[in-house]
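Chains as they are written, first to last, in the UniProt record's numbering: chain A, 1 to 67; chain B, 1 to 394; chain C, 1 to 413.
Please note that the accuracy of each hint is not assured.
No farther apart than 30 Å at their CA atoms in a straight line, the calculated lysine-lysine pairs in the DSS-like style are these [unchecked claim]:
{"no.": "1", "chain 1": "C", "residue 1": "LYS228", "chain 2": "C", "residue 2": "LYS94"}
{"no.": "2", "chain 1": "C", "residue 1": "LYS318", "chain 2": "C", "residue 2": "LYS94"}
{"no.": "3", "chain 1": "B", "residue 1": "LYS320", "chain 2": "C", "residue 2": "LYS228"}
{"no.": "4", "chain 1": "C", "residue 1": "LYS282", "chain 2": "C", "residue 2": "LYS133"}
{"no.": "5", "chain 1": "C", "residue 1": "LYS122", "chain 2": "B", "residue 2": "LYS320"}
{"no.": "6", "chain 1": "C", "residue 1": "LYS122", "chain 2": "C", "residue 2": "LYS133"}
Calculated directly from the structure, the hints in this document are not laboratory data.
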Amino acid sequence: MTFHVELDEPRCVASGQCAVVAPDVFDQRDDDGVAVILDESPADDLLDDVREAVAICPAAALRLVEG
Amino acid sequence: MNRVVVVGASAAGLTTAEALRREGYAGGITVVGAEVHLPYDRPPLSKQILSGEWEPDRLPLRPAADVDALGLDLRLGVTATGVDTAARTVATDTGEQLAYDALVVATGVRPRRLPGATAHVLRTQQDALALRERLRPGRRLAVVGAGFLGAEVTAVARGLGCEVTLIEPASVPLAHAVGAVVGEVLSRAHVEHGVDLRTGVGVVAVHPEGVELADSTMVEADDVLTAIGSVPNTEWLEGSGLPVADGLVCDATCRAAPGVYGAGDVARWDHPSFGVSMRIEHRTNASEQGLAVARNLLSPDAPRPFAPVPYFWSDQYEMKVQAYGYLRGHDAVEIVEGDLAERRFVAAYRTADRLAGVLTVGMPPRVLRTWRNAVAGGAPWRDVVAGPGGLAVV
Amino acid sequence: MTDTVLTDAAHPMPHITGYPAARDARCPFNPPAEVRTKTSERPVTKVQIWDGSTPWLVTRYADQHALLTDPRLSIDETLPGFPHMTRGRSETAKHTPPLITNTDAPEHTRLRRMVNMPFSVKRVEALRRSIQKIVDDLIDTMLAGNGPVDLVKALGLPVPTLVISELLGVPYDDHEFFQRNSNVTVSHTATEEEVAAASGALAGYLGELIDRKMAEPEDDVLSELAAKVTAGEMARMEAVIMGVAILIAGHETSANMISLGTLVLLQNPDQLDALRGAESPKAVAAAVEELLRYLTIVHTGVRRIALEDIAIGGEVIKAGDGVILDLSAANWDPEEFAEPDRLDLTRSARHHHAFGYGAHQCLGQTLARVELQVVYSTLYRRIPTLRLAVPPDEIEFAFEGVAYGLRSLPVTW
Numbered sequence: 001m002t003f004h005v006e007l008d009e010p011r012c013v014a015s016g017q018c019a020v021v022a023p024d025v026f027d028q029r030d031d032d033g034v035a036v037i038l039d040e041s042p043a044d045d046l047l048d049d050v051r052e053a054v055a056i057c058p059a060a061a062l063r064l065v066e067g
Numbered sequence: 001m002n003r004v005v006v007v008g009a010s011a012a013g014l015t016t017a018e019a020l021r022r023e024g025y026a027g028g029i030t031v032v033g034a035e036v037h038l039p040y041d042r043p044p045l046s047k048q049i050l051s052g053e054w055e056p057d058r059l060p061l062r063p064a065a066d067v068d069a070l071g072l073d074l075r076l077g078v079t080a081t082g083v084d085t086a087a088r089t090v091a092t093d094t095g096e097q098l099a100y101d102a103l104v105v106a107t108g109v110r111p112r113r114l115p116g117a118t119a120h121v122l123r124t125q126q127d128a129l130a131l132r133e134r135l136r137p138g139r140r141l142a143v144v145g146a147g148f149l150g151a152e153v154t155a156v157a158r159g160l161g162c163e164v165t166l167i168e169p170a171s172v173p174l175a176h177a178v179g180a181v182v183g184e185v186l187s188r189a190h191v192e193h194g195v196d197l198r199t200g201v202g203v204v205a206v207h208p209e210g211v212e213l214a215d216s217t218m219v220e221a222d223d224v225l226t227a228i229g230s231v232p233n234t235e236w237l238e239g240s241g242l243p244v245a246d247g248l249v250c251d252a253t254c255r256a257a258p259g260v261y262g263a264g265d266v267a268r269w270d271h272p273s274f275g276v277s278m279r280i281e282h283r284t285n286a287s288e289q290g291l292a293v294a295r296n297l298l299s300p301d302a303p304r305p306f307a308p309v310p311y312f313w314s315d316q317y318e319m320k321v322q323a324y325g326y327l328r329g330h331d332a333v334e335i336v337e338g339d340l341a342e343r344r345f346v347a348a349y350r351t352a353d354r355l356a357g358v359l360t361v362g363m364p365p366r367v368l369r370t371w372r373n374a375v376a377g378g379a380p381w382r383d384v385v386a387g388p389g390g391l392a393v394v
Numbered sequence: 001m002t003d004t005v006l007t008d009a010a011h012p013m014p015h016i017t018g019y020p021a022a023r024d025a026r027c028p029f030n031p032p033a034e035v036r037t038k039t040s041e042r043p044v045t046k047v048q049i050w051d052g053s054t055p056w057l058v059t060r061y062a063d064q065h066a067l068l069t070d071p072r073l074s075i076d077e078t079l080p081g082f083p084h085m086t087r088g089r090s091e092t093a094k095h096t097p098p099l100i101t102n103t104d105a106p107e108h109t110r111l112r113r114m115v116n117m118p119f120s121v122k123r124v125e126a127l128r129r130s131i132q133k134i135v136d137d138l139i140d141t142m143l144a145g146n147g148p149v150d151l152v153k154a155l156g157l158p159v160p161t162l163v164i165s166e167l168l169g170v171p172y173d174d175h176e177f178f179q180r181n182s183n184v185t186v187s188h189t190a191t192e193e194e195v196a197a198a199s200g201a202l203a204g205y206l207g208e209l210i211d212r213k214m215a216e217p218e219d220d221v222l223s224e225l226a227a228k229v230t231a232g233e234m235a236r237m238e239a240v241i242m243g244v245a246i247l248i249a250g251h252e253t254s255a256n257m258i259s260l261g262t263l264v265l266l267q268n269p270d271q272l273d274a275l276r277g278a279e280s281p282k283a284v285a286a287a288v289e290e291l292l293r294y295l296t297i298v299h300t301g302v303r304r305i306a307l308e309d310i311a312i313g314g315e316v317i318k319a320g321d322g323v324i325l326d327l328s329a330a331n332w333d334p335e336e337f338a339e340p341d342r343l344d345l346t347r348s349a350r351h352h353h354a355f356g357y358g359a360h361q362c363l364g365q366t367l368a369r370v371e372l373q374v375v376y377s378t379l380y381r382r383i384p385t386l387r388l389a390v391p392p393d394e395i396e397f398a399f400e401g402v403a404y405g406l407r408s409l410p411v412t413w
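Please model the entire structure based on the sequences and the hints provided.
What follows is the structure in structure tokens.
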């Protein structure tokens with residue numbers, strides 16, 4: 001089963017929490033801190049971190065979808 | 001000392017008062033301001049205010065409550081009319097005599113005007129709002145003077161859909177300030193944006209129907225803006241014995257006479273590292289000089305020379321122009337980074353054998369900082385022109 | 001204030017209690033019992049606040065999680081019916097310019113992105129070393145003297161001010177002025193005039209610094225704000241207000257977490273031992289999250305107003321109703337955090353609401369976390385014998401502010 005990460009960019013408030021808990025998958029843009037997805041289809045061993053990132057995103061701007 | 005009178009309630013005057021309080025001065029501070037508004041920021045007038053992007057409520061330098069907290073005797077809408085340096089008093093148009101132990105002259109400048117019918121000028125909030133009211137799509141605006149102010153207004157007016165004629169007596173706009181090469185690049189932007197640029201032609205007079213040029217043509221316009229420089233507000237100092245020559249003349253520590261200091265646009269002082277007498281009408285200089293004056297006023301026995309690297313910025317169309325140093329009277333200009341044609345470049349200015357200043361368009365902050373440091377450090381010109389890497393280590 | 005009984009014809013409810021409720025002095029870390037009861041019995045219910053109005057109080061974690069990302073709730077404090085924290089706040093709200101603390105998306109998103117860079121994860125991580133040095137130096141100073149010392153003054157207050165000075169780009173020469181005045185602004189003992197004078201002096205100072213940094217930019221936040229002023233993206237006054245807000249917001253809250261965290265750890269020696277022995281940064285980070293959850297110092301609720309009817313928790317919040325979300329109640333909601341009364345530094349608590357949730361979640365949370373990670377991983381190792389210098393019941397709490405804390409924390413070693 002594969003997953004991929006989606007970012008609803010206009011919602012992102014650039015809190016950077018995704019980049020803290022899943023630094024291999026997320027980064028922040030230099031100029032305004034908006035989230036950047038480094039790895040759209042993260043490997044299985046990263047999925048727990050990604051799920052946490054999705055859960056704590058204060059703007060509810062991240063989604064982990066199957067397929 | 002317990003009575004300081006600051007004449008002028010804009011950036012320089014306010015900064016002086018704030019810095020006095022911060023340095024622990026608890027005595028009286030009277031601030032006299034000719035405008036009725038609380039101290040406000042002027043650079044947005046020809047930019048965000050004129051374009052309608054901002055309303056004037058975003059202009060104050062400080063919220064009213066913070067100004068209150070300074071405990072000032074703030075006299076707004078009051079004009080100083082004279083000073084008696086022997087009696088140490090300032091006279092005002094309300095008939096008062098304000099006694100001082102120390103006086104700070106921060107009365108700024110006013111726009112120079114042309115003879116003839118009334119034209120717009122741009123210095124105050126009211127000026128900006130009055131002009132903005134007139135800038136509607138299809139209206140014809142004639143701008144006399146293609147300096148930085150005239151250029152900014154032209155750009156904003158074009159953005160608002162006005163037909164603009166920009167008139168400049170010199171053959172290349174801004175050539176005296178930034179050199180012909182850079183002046184040419186900046187003025188080309190006007191032409192590309194559909195401005196009717198008339199250079200090398202003087203103005204005879206402003207008429208109700210437009211501007212009469214020296215070649216006897218008439219530029220018809222619904223409105224005329226004159227942006228031909230400014231005049232220091234020093235008339236009220238006449239007869240005081242204070243030295244006035246295109247501004248209040250101060251020494252390197254911004255002191256004009258015992259207990260009298262100058263700050264901001266009105267003040268001329270001997271810049272210790274550039275070795276010239278300067279008067280600078282830049283926003284940041286007003287604050288920096290106000291700060292320096294407050295310090296020196298409180299430590300008259302150990303005054304410090306005021307030696308800033310002058311800085312200004314100007315927004316024209318999509319270009320952000322920024323300059324450090326003292327470009328006037330330069331001997332040579334060289335493009336040391338970027339490309340003129342792309343309007344992304346650093347122009348370096350040589351005076352004698354040193355780097356006197358730089359002007360940049362569209363360069364990132366990191367690049368600017370390196371060049372500013374080079375100007376501040378008085379870099380020798382040969383390092384500047386040494387080519388790539390010559391200054392990279394500065 | 002408490003136990004006021006009202007009847008409201010439209011919404012007959014038997015017990016409308018006053019809010020905020022008082023904490024029990026015997027267990028000061030616990031959210032008030034009457035608020036915790038609501039979490040289990042009436043998770044969405046009306047309370048009465050200072051002005052007599054009766055906004056909704058939301059105490060359950062799941063409900064808060066849903067509401068704080070719901071665009072039907074607004075933070076626009078100028079709307080009639082907004083449940084202001086205090087009379088003072090309701091007055092100043094009328095004149096406050098648009099800020100990240102009083103605007104909704106999309107304006108909020110624009111403003112927040114504008115001020116966000118200094119708090120980006122990379123920027124904050126880059127500060128970790130300086131923060132460590134600040135903490136090390138302050139502990140050196142403590143150890144150079146003899147106990148007892150007041151930990152609030154010796155460490156709690158100076159750590160965040162020095163860190164913020166570094167971040168904003170306050171020249172070293174001005175640190176003393178900066179620290180003295182910012183301490184007054186968060187003091188529990190200063191008069192209103194003293195606070196006004198100090199915050200005025202700070203705002204004036206930051207304004208001048210911004211002007212200077214327009215001309216002389218460095219690698220710091222005030223230079224970035226200055227660049228936004230010259231770029232016409234921000235008015236000069238807005239940049240100053242933002243600078244002051246960064247200073248104040250990050251000051252008292254971090255200070256309170258440092259001293260309260262130390263107190264609660266000293267009272268839980270097994271947890272303190274575990275933290276002291278923690279090898280991995282992850283374990284320290286987890287401990288910080290649990291302390292944030294357990295203490296939830298912002299204890300008077302975050303405030304919103306409904307723009308439309310919202311059905312939640314068996315009630316309908318009507319358009320125009322005020323809504324208060326009690327963060328400490330959510331963080332002590334047993335449905336989300338098992339045995340919430342137990343401090344367990346190994347639990348997975350990172351999704352707590354201590355920094356709020358939703359678009360308005362604390363801007364400085366990453367910085368606060370790093371500060372706390374550094375303090376908690378350093379202080380108790382450097383001073384293993386650290387202990388209270390007075391009996392626990394003599395420690396004075398300050399409950400009256402938006403964030404609760406300690407007036408002083410006498411410790412010795």
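Hint by hint, here is what the structure shows:
For the given pair, LYS228 (chain C) sits about 25 Å from LYS94 (chain C) by alpha-carbon distance, which is consistent with the 30 Å threshold. As the CA atoms of LYS318 (chain C) and LYS94 (chain C) are separated by approximately 23 Å, the hinted pair is consistent with the 30 Å bound. For the suggested pair LYS320 (chain B) and LYS228 (chain C), the alpha carbons sit about 12 Å apart, so the restraint of at most 30 Å is met. At most 30 Å may separate the alpha-carbon atoms for a hinted pair to count; LYS282 (chain C) and LYS133 (chain C) meet this at roughly 21 Å.
Simply put, LYS122 (chain C) and LYS320 (chain B) have alpha-carbon atoms about 28 Å apart, close enough for the 30 Å limit, and the pair holds. Of the supplied pair hints, the one linking LYS122 (chain C) and LYS133 (chain C) holds, its CA atoms being roughly 18 Å apart against a limit of 30 Å.
Hint check: no violations occur; every hint is consistent with the structure.
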